[in-house]
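J.: The residues making up each chain are set out below.
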Amino acid sequence: MGPGTFQTIRAQDMSERTIDRVAAATPTPVARKIKGLSDRAIAWIFVGPTIFLLLAINIFPLIWTIRLSFTNYKANRVNREPEWIGLRNYERILTDSDIWLNMQATAHFLIWTIILQVLIGFTLAWLINKKFKGNDLWTTIIVLPMMLSPAVVGNFWKFLYQPQIGLFNYIVGFFTGRDPSSFEMLGQVNLAPWSIVIVDTWMWTPFVMLICLAGLRSIPDYIYEAAEIDRASKLRQFFTITVPMVLPFLMLAVLFRGIENFKMFDLVVQLTGGGPGSTTELTSINLKREAFEKWRTGYASAYAIILFVTVFGLASIYVKALNKVKER
Amino acid sequence: MSYTKLATASAIALAASGVVTSAQAENLTLCWAAWDPANALVELSKEFEAQSGHTMNFEFVPWPNFADRMLNELNSGGKLCDLLIGDSQWIGGGAENGHYVKLNDFFDAEGISMDDFAPATVYAYSTWPKGTPNYYALPAMGDANGWFYRKDWFARDDIRAAFKDATGRELAEPKTQKEMLEIAQFFQGREIDGKTVYGAAIFTERGSEGITMGVTSALYPWGFKYENTPGSYDMEGAVNSPEAVEALEFYKEFYETATPPGYTNSYMGESLDAFKSGQVAMAMNWFAFFPGLYADPNTGGDKIDFFVNPPQNQAGSTLGGQGISVVAYSDKQDAALEYIKWFAQPDVQAKWWALGGYSAHNSVLQDPGFVDSQPFAGDFLVAMDGVQDFWQEPAYAELLLAMQKRIHDYVVADQGTAKEALDKLIEDWTEVFEDEGKL
Numbered sequence: 001m002g003p004g005t006f007q008t009i010r011a012q013d014m015s016e017r018t019i020d021r022v023a024a025a026t027p028t029p030v031a032r033k034i035k036g037l038s039d040r041a042i043a044w045i046f047v048g049p050t051i052f053l054l055l056a057i058n059i060f061p062l063i064w065t066i067r068l069s070f071t072n073y074k075a076n077r078v079n080r081e082p083e084w085i086g087l088r089n090y091e092r093i094l095t096d097s098d099i100w101l102n103m104q105a106t107a108h109f110l111i112w113t114i115i116l117q118v119l120i121g122f123t124l125a126w127l128i129n130k131k132f133k134g135n136d137l138w139t140t141i142i143v144l145p146m147m148l149s150p151a152v153v154g155n156f157w158k159f160l161y162q163p164q165i166g167l168f169n170y171i172v173g174f175f176t177g178r179d180p181s182s183f184e185m186l187g188q189v190n191l192a193p194w195s196i197v198i199v200d201t202w203m204w205t206p207f208v209m210l211i212c213l214a215g216l217r218s219i220p221d222y223i224y225e226a227a228e229i230d231r232a233s234k235l236r237q238f239f240t241i242t243v244p245m246v247l248p249f250l251m252l253a254v255l256f257r258g259i260e261n262f263k264m265f266d267l268v269v270q271l272t273g274g275g276p277g278s279t280t281e282l283t284s285i286n287l288k289r290e291a292f293e294k295w296r297t298g299y300a301s302a303y304a305i306i307l308f309v310t311v312f313g314l315a316s317i318y319v320k321a322l323n324k325v326k327e328r
Numbered sequence: 001m002s003y004t005k006l007a008t009a010s011a012i013a014l015a016a017s018g019v020v021t022s023a024q025a026e027n028l029t030l031c032w033a034a035w036d037p038a039n040a041l042v043e044l045s046k047e048f049e050a051q052s053g054h055t056m057n058f059e060f061v062p063w064p065n066f067a068d069r070m071l072n073e074l075n076s077g078g079k080l081c082d083l084l085i086g087d088s089q090w091i092g093g094g095a096e097n098g099h100y101v102k103l104n105d106f107f108d109a110e111g112i113s114m115d116d117f118a119p120a121t122v123y124a125y126s127t128w129p130k131g132t133p134n135y136y137a138l139p140a141m142g143d144a145n146g147w148f149y150r151k152d153w154f155a156r157d158d159i160r161a162a163f164k165d166a167t168g169r170e171l172a173e174p175k176t177q178k179e180m181l182e183i184a185q186f187f188q189g190r191e192i193d194g195k196t197v198y199g200a201a202i203f204t205e206r207g208s209e210g211i212t213m214g215v216t217s218a219l220y221p222w223g224f225k226y227e228n229t230p231g232s233y234d235m236e237g238a239v240n241s242p243e244a245v246e247a248l249e250f251y252k253e254f255y256e257t258a259t260p261p262g263y264t265n266s267y268m269g270e271s272l273d274a275f276k277s278g279q280v281a282m283a284m285n286w287f288a289f290f291p292g293l294y295a296d297p298n299t300g301g302d303k304i305d306f307f308v309n310p311p312q313n314q315a316g317s318t319l320g321g322q323g324i325s326v327v328a329y330s331d332k333q334d335a336a337l338e339y340i341k342w343f344a345q346p347d348v349q350a351k352w353w354a355l356g357g358y359s360a361h362n363s364v365l366q367d368p369g370f371v372d373s374q375p376f377a378g379d380f381l382v383a384m385d386g387v388q389d390f391w392q393e394p395a396y397a398e399l400l401l402a403m404q405k406r407i408h409d410y411v412v413a414d415q416g417t418a419k420e421a422l423d424k425l426i427e428d429w430t431e432v433f434e435d436e437g438k439l
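These protein sequence lines map, in sequence, to chains A and B.
Just so we're aligned, residue 1 is where the first sequence starts under the numbering used here, counting upward by one.
Just so we're aligned, residue 1 is where the second sequence starts under the numbering used here, counting upward by one.
One should not assume that every hint holds.
On the chain B side, residues computed to face chain A include the following (Cβ under 8 Å) [stated by the list, open to error]:
hint, residue
1, G98
2, A109
3, R206
4, H408
5, D409
6, V412
7, A413
8, D414
9, Q415
10, T417
11, A418
These are calculated hints, taken from the structure and not from any lab test.
Note that the Cβ used here is the ideal one computed from N, Cα and C, for glycine as well.
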């Protein structure tokens, strides 16, 4: 349709609705097709691009990784044809005692950070939930660490842990009478795993506190009032009202922190680089070394799949437990 | 002239100028580590820019990330770098994976002879397979791991007397590894001018290559070999020989008894900091840093002196340094080769040394005035005569990380024995070479 024709149409009937003109101009078979679209088809049109992106960005790489995990492919050896080696990578990983040490280091980090963060986070939330002057200011101060970059926190704590000039060693020395330079938080095998637990707890306890605080504030006052009328003690109120009602929130916080800390990388790399020796070499650090420093792509793919299945399996079990708690 | 004709003429002129520009002047990017010699190279390259009309850009990456960043770039076929001054150990991978341009034809055409460069540097930085006349780089920066110490402390009468009382000998530059440890232990925890000082700063870094570069400075003087027969990959009895075990135990003792507290993950930067802050009497580091150390207003000048990594059973220094290569993925290879041709000239090499770079050109090294040109120049020549390098295999990163782990586990984390650490290292390396199809 040329501009002249369009002007002619507009001149002929300005009052006619545009949609009618477009409908009239559309060939009949096409119009019938569009009119005949089902709700499901329209939904697919809207959801389709998202699903396509999901497949391209998540699912395809996952399938590709699974495929690579059965080969000896190395991404830095493009001239070498990868060979199909079956389950050899999986067998190697699961029988490698060093990998199990990495798993143990990860488990130590995961379990202790969660225990400490839940205990301290819940306690802080419980205290902050009390009405007192400066409540908001304290909340802001407490959440500051989680707003910092892990790289900054890592470097900052590295200085604090410095045996000769570090504040941490000085404070410990002050209270225990030990020479501050007589122990090395980041350099001693027995202390290094705890040093990373302390830093992660310092950084992420506020997150757990905020979730617990949301849980505490969601408990209606009338429940406590009813308990008061029934002459329930404060301790009983705490264990029969507060804890059960905050539990789903707490479990959610544990889920978030568990998943995050299972793949912890940046903070620990900044602090210890996985050392001393391999004492704090968490699985994610080891995986990165295998994949992008040693370039054992096939091996690292198998490693990643094992970790993925582990996290996915544990998270699924946990979510089921969480749902049961919520249903109570 | 009508507007149409004018526009046409302008367009042709513009297009022509564009063609001329792209043929004559390129924007070249040279990639290297971020350290003192890199700054000297920027200064030196201004002359190349003036002569050639090309513009030089520089991508300098801090050492701890240098290998990661650059090997990723090469492995992905990236075009960031036209020229790369890559570590000596990368030469095998660079050649076999097609990252570096083979330079033989270019050298022949331009009359650049590898005989003009120190043989150790040609062998280490340029050839693959090792020692064959297949060149993938021009020796750019000779380097080795050496030592420096507080000359002013060594000269003090009270300290000298105390040392003689303690050891029965004069305090002087160590002639053996064991003498060096004895000196370091003497200074460990000593009060000097009201400040507690420590023996020496050595390499203990876990993440990249630090502890391997440090420990090989003890292993080589004890006679460590990677293979019983070069090229055979038969490591049993070589890597875990009694001499290697003794050297590793020595390094651990050095770490435990003669380094500052908290020195568990330290490399070049930490060594320089420890020395410049007056914390240690001695420190190991690459010769590349020596010009900067000598120029330091607080601990340089007449307060510092240098020595070659001391021998024990034999002379031996850990090789550093790099060759300059043309990246195969570059679209500007002609201009990049032009840079190498310019850089290989004897007068440019002389300026390179004068600015703080370590030339490997014979015309510089064999100049009668070279030894006296800097207080560390003579030591550099001695060191380069006894250098040994790590594996330069295409799988060098796997080999290196295995050694980093085993050595750090033993030396810093105090796990197992030296023999066990070296036995495990052989297992790791055997697995790598099996994967490579070489065993």
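J.: Could you run down the list of hints and mark each one as holding or not?
T.: Hints, verified against the model:
With 8 Å as the threshold, the beta carbon of G98(B) comes within range of chain A, its nearest partner Cβ sitting at about 7 Å, so the hint holds. Taking 8 Å as the C-beta contact cut-off toward chain A, the hint placing A109(B) at the interface is violated, the least distance being around 27 Å. Hint status for R206(B): holds, given a least beta-carbon distance of 4 Å to chain A, under 8 Å. For H408(B), the suggested interface contact is upheld, since its CB lies about 5 Å from the closest CB of chain A, less than 8 Å.
For the restraint placing D409(B) at the interface with chain A, the shortest Cβ-Cβ distance is roughly 4 Å, inside the 8 Å limit, so the hint holds. The beta carbon of V412(B) comes within 4 Å of a beta carbon in chain A, closer than 8 Å, and the hint placing it at the interface holds. Proximity of A413(B) to chain A holds as hinted, the smallest CB-CB distance being about 3 Å (cut-off 8 Å). Given hint, D414(B) at the interface with chain A, holds; its Cβ is 6 Å from that chain's nearest Cβ, closer than 8 Å.
The restraint placing Q415(B) at the interface with chain A holds, with a minimum CB-CB distance near 6 Å, inside the 8 Å limit. Because the closest C-beta pair between T417(B) and chain A is about 14 Å apart, greater than 8 Å, the hint is violated. This hint is violated: A418(B) has a C-beta 14 Å from the nearest C-beta of chain A, more than the 8 Å allowed.
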